Structure formats: structure tokens, C-alpha cells
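Engineer: Residue-level listing of the chains:
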Amino acid sequence: MSAFRLEARELSKSYSGPPLFSNLTFTAGPGLTAVAGRNGSGKTTLLKILARLLAPERGRVGIFDAQRELSGEERRGAVGWAGPDLAFYDDFTARENLRFFRRASGLPADDADLGRRLARMDLAAVADRRVGAFSTGMKQRLRLAFALLLDPPVLLLDEPAAGLDEDGRAMLAGVVAERRAAGPVLLASNDARDFVSPEQTIALAR
Amino acid sequence: MKPASPIARAWAVCAKDAAQEARQRIALASILFFAATALTLVSFAIGPAGFAREERATLHAAVLWILLFFSTATGLPRAFVREEETGTALALRKTAPGITVLAGKTLFNYFLFAAIAAVTVPGLSILVGWEIASPGALAVVLATSGFGLTVVSTFLSALVARAGGKNVLFVLVCFPLLVPLLLSAIAATVAAAGGGTAAGGELAATPLRVIVAYDGAATCAAYLLAAAAWEE
Numbered sequence: 001m002s003a004f005r006l007e008a009r010e011l012s013k014s015y016s017g018p019p020l021f022s023n024l025t026f027t028a029g030p031g032l033t034a035v036a037g038r039n040g041s042g043k044t045t046l047l048k049i050l051a052r053l054l055a056p057e058r059g060r061v062g063i064f065d066a067q068r069e070l071s072g073e074e075r076r077g078a079v080g081w082a083g084p085d086l087a088f089y090d091d092f093t094a095r096e097n098l099r100f101f102r103r104a105s106g107l108p109a110d111d112a113d114l115g116r117r118l119a120r121m122d123l124a125a126v127a128d129r130r131v132g133a134f135s136t137g138m139k140q141r142l143r144l145a146f147a148l149l150l151d152p153p154v155l156l157l158d159e160p161a162a163g164l165d166e167d168g169r170a171m172l173a174g175v176v177a178e179r180r181a182a183g184p185v186l187l188a189s190n191d192a193r194d195f196v197s198p199e200q201t202i203a204l205a206r
Numbered sequence: 001m002k003p004a005s006p007i008a009r010a011w012a013v014c015a016k017d018a019a020q021e022a023r024q025r026i027a028l029a030s031i032l033f034f035a036a037t038a039l040t041l042v043s044f045a046i047g048p049a050g051f052a053r054e055e056r057a058t059l060h061a062a063v064l065w066i067l068l069f070f071s072t073a074t075g076l077p078r079a080f081v082r083e084e085e086t087g088t089a090l091a092l093r094k095t096a097p098g099i100t101v102l103a104g105k106t107l108f109n110y111f112l113f114a115a116i117a118a119v120t121v122p123g124l125s126i127l128v129g130w131e132i133a134s135p136g137a138l139a140v141v142l143a144t145s146g147f148g149l150t151v152v153s154t155f156l157s158a159l160v161a162r163a164g165g166k167n168v169l170f171v172l173v174c175f176p177l178l179v180p181l182l183l184s185a186i187a188a189t190v191a192a193a194g195g196g197t198a199a200g201g202e203l204a205a206t207p208l209r210v211i212v213a214y215d216g217a218a219t220c221a222a223y224l225l226a227a228a229a230w231e232e
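As they're listed, the protein sequences go chains V and W.
Read in our numbering, the first sequence has 51 at position 51, and its numbers run on one by one without any break.
Read in our numbering, the second sequence has 126 at position 126, and its numbers run on one by one without any break.
Wrong hints could be hidden among the right ones.
Claimed, not checked - Okay, the calculated bits of chain V under chain W, using three or more residues with CB under 8 Å as the criterion:
no. : region
1   : 88-101
2   : 105-111
3   : 115-126
Stated by the list, open to error - Cross-link-like lysine to aspartate or glutamate pairs, in silico, EDC-like; alpha carbons within 20 Å at most:
no. : chain 1 : residue 1 : chain 2 : residue 2
4   : V       : Lys13     : W       : Glu231
5   : W       : Lys166    : W       : Glu85
6   : V       : Lys139    : V       : Asp90
7   : V       : Lys139    : V       : Glu159
8   : V       : Lys13     : V       : Asp85
9   : V       : Lys139    : W       : Glu85
10  : V       : Lys139    : V       : Asp165
11  : V       : Lys139    : W       : Glu84
12  : W       : Lys166    : W       : Glu231
Claimed, not checked - Per the computed footprint, the stretches of chain W lying under chain V, defined by three or more beta-carbons under 8 Å from a beta-carbon of chain V, are:
no. : region
13  : 19-29
14  : 76-90
For the record, the hints were derived by calculation from the structure and aren't laboratory data.
Being a predicted model, the structure only gives us computed values, none of them experimental.
C-beta: ideal position from N, C-alpha, C; glycine also.
Generate coordinates for the entire structure from the input sequences, incorporating the hints supplied.
Structural biologist: Here's what the structure looks like:
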């Protein structure tokens, strides 16, 4: 059983106007944490803060392996993130994109391994096609491959089913089922169908 | 599994930028076009004659660095701006720390600067009849000054990437920061090229010391501020 957990303490964030959320505190252990809320409630912002892509106004986020808090590069590699804002290099193929991100992360980029990762997302047939020519659904599958690229124990998925067909949704359900057994999976969505028996729900309301 | 060294990760960023440039050829084409146009206009304007030999040495050095500065100002801001504009900045931020990305992009821009200098220096020499007494000394001046120019330009690119009016902002912020370097580079270039005298060129100690000190200070500042400039 994984000992990884994500702890958020008194997170607050606002842009112009009233705060999106304030003093938000929760702990996500292994299992599925649903992040629910209407459009504009701050789901995407919250997941970006948890991924350290955005700074909160107040509060802090910690990733723990048992009692030890991760820091620096260890922490960066421990959290996988995919969101609607995630874009890739259009001139590169799907394989080249993943290869670059593995190398920039300091990990080896073995072609066979990359092939397996793309095949898992049903992208094997288009692995060597430019990402600029990808459909919305294919880009979404590549986002999932990116989130899983470093085999992170903590997974943050923002609207992961957007643009996916039925096969894609089934593939996503399989990934979530597998990963929630291994560590915390936080999934933000407007669609309640994406949350299959979550261990906890964080409801954002503005 | 032991992760690769920061140098290997920075090299991956540099190689990615080089591969992108090889496919798009936007930065290199725009920089070289600017350099070629400016070079042609300057050569027609000042020509090989019309000034005393001593005056020409200073004029040629000044023209060279004006060309190099504006050529780099045309292309180097793209380092980080392109990542923001195409939306790939998030993936890059998620993957590598600011200092690694900055080092990789600085390295690529340094190669770009070398390519510009490789075209501009012989071009200027031929078109305006600039006799360079010591090409070796000039190469040292170009290498050290180009390093400072590249570090500062790349760092500022990271700083202005998310701002509005980024291209204008880049030049406005760049200019005062680079003036000390450019003045020293001109003085060192005059000495390296022979200073208009018939004697061989040499490395002028004082401006070269200033350039090396500037490079060191710029590198330290970029290293310390990379995370603040690029990450949230």
C-alpha cells in the first residue's frame, strides 16, 4: 500500500473580485479525491496550485512519503498533472514530445518504453505524427500520457475526459482505477460520471 | 534510478530548441535577414573610405556591436516568449526547474549568437574594408562579450515573457543593462582589431576584465533569480 499523501493547508486564492476559495484544508491519501464545482469555481486553479504551477495567496501544499515531506526535484517528479491548458510542441511528434519531457526531467527516454506509454493511450499508430495534426481527443490522450510519464505516485487530472470518445473514457477509467490503488488521484470535473466511488469530495462553491 | 545531471537536462532543453529552430527556421532567418540588411546599409553608408584609419577602427567596432546587439534583440527574446505564446510553458515548468530551463536556453542562444557573429564579422570586414590585426584576440572578445549578452538577454526574455508589449519591454530593459558590457566590448574590439595602427592587435586588459566581471555577475544574478523569473 502506498504511503504517499498530499496535504493542503489553509489555501486561499483570488483573482480580481471575491476569493475562489479561502482556508481550504484537506488531506488526500491513496484513492480518488473528487474536486467538484461549477464553471469558474476554481477547480483548475486549485489543481495548478497543487501541482506548483501557480502560487496560492496563502497556505501551503506538502507531498509526504509516510512522515517524510518531499522537496525540490523529488517533489516535482512525484506529482503528475494534466489539464486543459497543457500544450505540446506542435512541430514534434508525440514520441518526440514525450522523449523531450523525459530527458528534461533527468530520466532516460527509451524508445520501447515511450512506445508502450503511447500504446497504453491508444496512440501507437500516431506516435510518429506531428502533434499539430492531432485531433482534440488525441491531444487529450497525450496529456494523460504526459501526466503518467514519470510514473508519479500523486496524480492530478483536470477535466481528463474532455474530448475523449467512449473508448477513451474507458481507457481513462482503467488508468484511474489502477492509479487510485497506488496513490492519491485528484480528479476535477464538471461531470459527476467521472467520479466513480470517490474516497472524498472537495466541493468548491463560489 | 538516478536522475541525469542538471547539465544533461539543460542540454536536453538546448537540443529541443535547436530541433525546433531547425524545423521552423524563424529565429535564425529573421536574425540573419536583419543582420544582412543592416550590414549592407552600413557598408553603403560608411564604405571603405571617407574616414581616417584611426577613426574607422572605432567606428567599425561600434557598428559591429550595434549590429550584434540589435540582431540578438530580434531573436533572443523568443527563447521564453515562444513557450508562453504556444502554451508549452506549463509543461516545461512541470518538467524542469527554472535554472535548468534558463541554462538550456542560454546555451542555445549562445550558439545563435555565434552564428550571427560568424556572418556579421567577416561580412563587415569585407564590405567596409575592416582590417582585423588579431582575429584570435577578436574571437576572445566576441566569446566573452557574447556570453554576457546572451545570459542577460535570455534571462530578460524569461522575465518579460508573461508581460504585455513584451518585445518593446525587452529592448527597453535590455539596453541600460547591456550598455556597460557593450562599451567595454567596443573598447576591447578596437584593441583586438589593431586600434587603427599598423601594429598587431592585442587583448586590452581593462575592458576585458570588465567584460569577464560582467559575465560573472550576470551569471550569478541569473542563477539566483531564475526560479523567481520563470516559476510561480
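Engineer: Report the numbers of all earlier hints that the structure fails to satisfy, in ascending order.
Structural biologist: Hint 3 contradicted; others consistent.
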